[in-house]
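K.L.:
Numbering that gives the first Met the number 0 puts the first residue of the sequence shown at 0, with every later residue one more than the last.
Just so you know, not all the hints are guaranteed correct.
Label pairs and their calculated CB-CB ranges [claimed, not checked]: (1) Glu105 x Ala157: 28 to 34 angstroms; (2) Arg38 x Ala171: 30 to 36 angstroms; (3) Ile97 x Ser141: 20 to 26 angstroms; (4) Gly132 x Pro36: 44 to 50 angstroms; (5) Val32 x Thr133: 33 to 39 angstroms.
No lab work stands behind these hints: they were computed from the structure. Here the structure is a predicted model, which is why all the values come from computation and not from measurement. The C-beta atom is built at its ideal place from N, Cα and C for all residues, glycine as well.
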Amino acid sequence: MKAIHERADARWLPSRHNFAFFRLVAFVRLRNVRPQPERGLLLMVDRHQSQMENYSLSVWVMATVTCFIAGTLFGSRHVALAFALAVPTAVVGLQVAIVGTGLLVELFSAVTGVKVHDSVRASSAALMLLFLGTSAWVAATSPTWVRWAAWQVLALVALNAIAAMLLFLLRAPIARAERTYDEFGGSPSGK
Numbered sequence: 000m001k002a003i004h005e006r007a008d009a010r011w012l013p014s015r016h017n018f019a020f021f022r023l024v025a026f027v028r029l030r031n032v033r034p035q036p037e038r039g040l041l042l043m044v045d046r047h048q049s050q051m052e053n054y055s056l057s058v059w060v061m062a063t064v065t066c067f068i069a070g071t072l073f074g075s076r077h078v079a080l081a082f083a084l085a086v087p088t089a090v091v092g093l094q095v096a097i098v099g100t101g102l103l104v105e106l107f108s109a110v111t112g113v114k115v116h117d118s119v120r121a122s123s124a125a126l127m128l129l130f131l132g133t134s135a136w137v138a139a140t141s142p143t144w145v146r147w148a149a150w151q152v153l154a155l156v157a158l159n160a161i162a163a164m165l166l167f168l169l170r171a172p173i174a175r176a177e178r179t180y181d182e183f184g185g186s187p188s189g190k
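Using the sequences plus the hints, can you model the full thing?
P.N.:
Okay, here's the thing in structure tokens:
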């Protein structure tokens with residue numbers, strides 16, 4: 000794993016972000032940032048290191064699932080009561096889905112004998128497919144306000160796909176920008 004020493008601007012390395020949209024934003028920001036020395040700072044370069052990405056996606060998924068539950072299960076007559084009941088239901092439901100998906104991936108591996116090399120990635124992919132499938136179902140079948148929450152999920156996935164296409168076209172400049180950071184160093188080698 001690569002580490003950058005005493006360079007705060009390395010927070011904007013695209014390889015420190017997981018989703019294409021965040022990697023694209025990070026690349027644009029990295030191109031416009033000056034070296035920022037910060038004594039004692041050590042940043043690991045791993046795709047799960049972006050606090051902004053992790054927290055914003057967590058809040059977004061929680062809010063969307065809460066809307067799905069409030070609009071679908073508890074109806075739309077008493078919106079305040081529906082949301083009061085939907086929030087704890089969403090918290091418990093998401094935890095059950097996370098643990099259940101992880102157990103299913105491990106069970107699949109044990110039953111079939113197929114070795115799952117990265118069970119976290121497999122569980123994450125399964126959860127995302129479940130989230131997208133639920134969003135598509137709600138968008139297609141719900142006659143209430145909750146369909147707009149589902150459509151925004153689908154729109155953001157489409158936006159992420161467009162960002163992925165742009166990143167594919169920008170792969171050479173991104174690789175050059177990332178190479179300017181020395182491993183365990185911190186001084187830019189190309190600036």
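K.L.:
Give a verdict on every hint.
P.N.:
We went through each hint and held it up to the structure:
1. Glu105 x Ala157: 28 to 34 angstroms: holds, 32 angstroms
2. Arg38 x Ala171: 30 to 36 angstroms: With a Cβ separation near 33 angstroms, arginine 38 and alanine 171 satisfy 30 to 36 angstroms, so the hint holds.
3. Ile97 x Ser141: 20 to 26 angstroms: Cβ of isoleucine 97 to Cβ of serine 141: about 24 angstroms, so the range 20 to 26 angstroms holds.
4. Gly132 x Pro36: 44 to 50 angstroms: holds, 47 angstroms
5. Val32 x Thr133: 33 to 39 angstroms: holds, 38 angstroms
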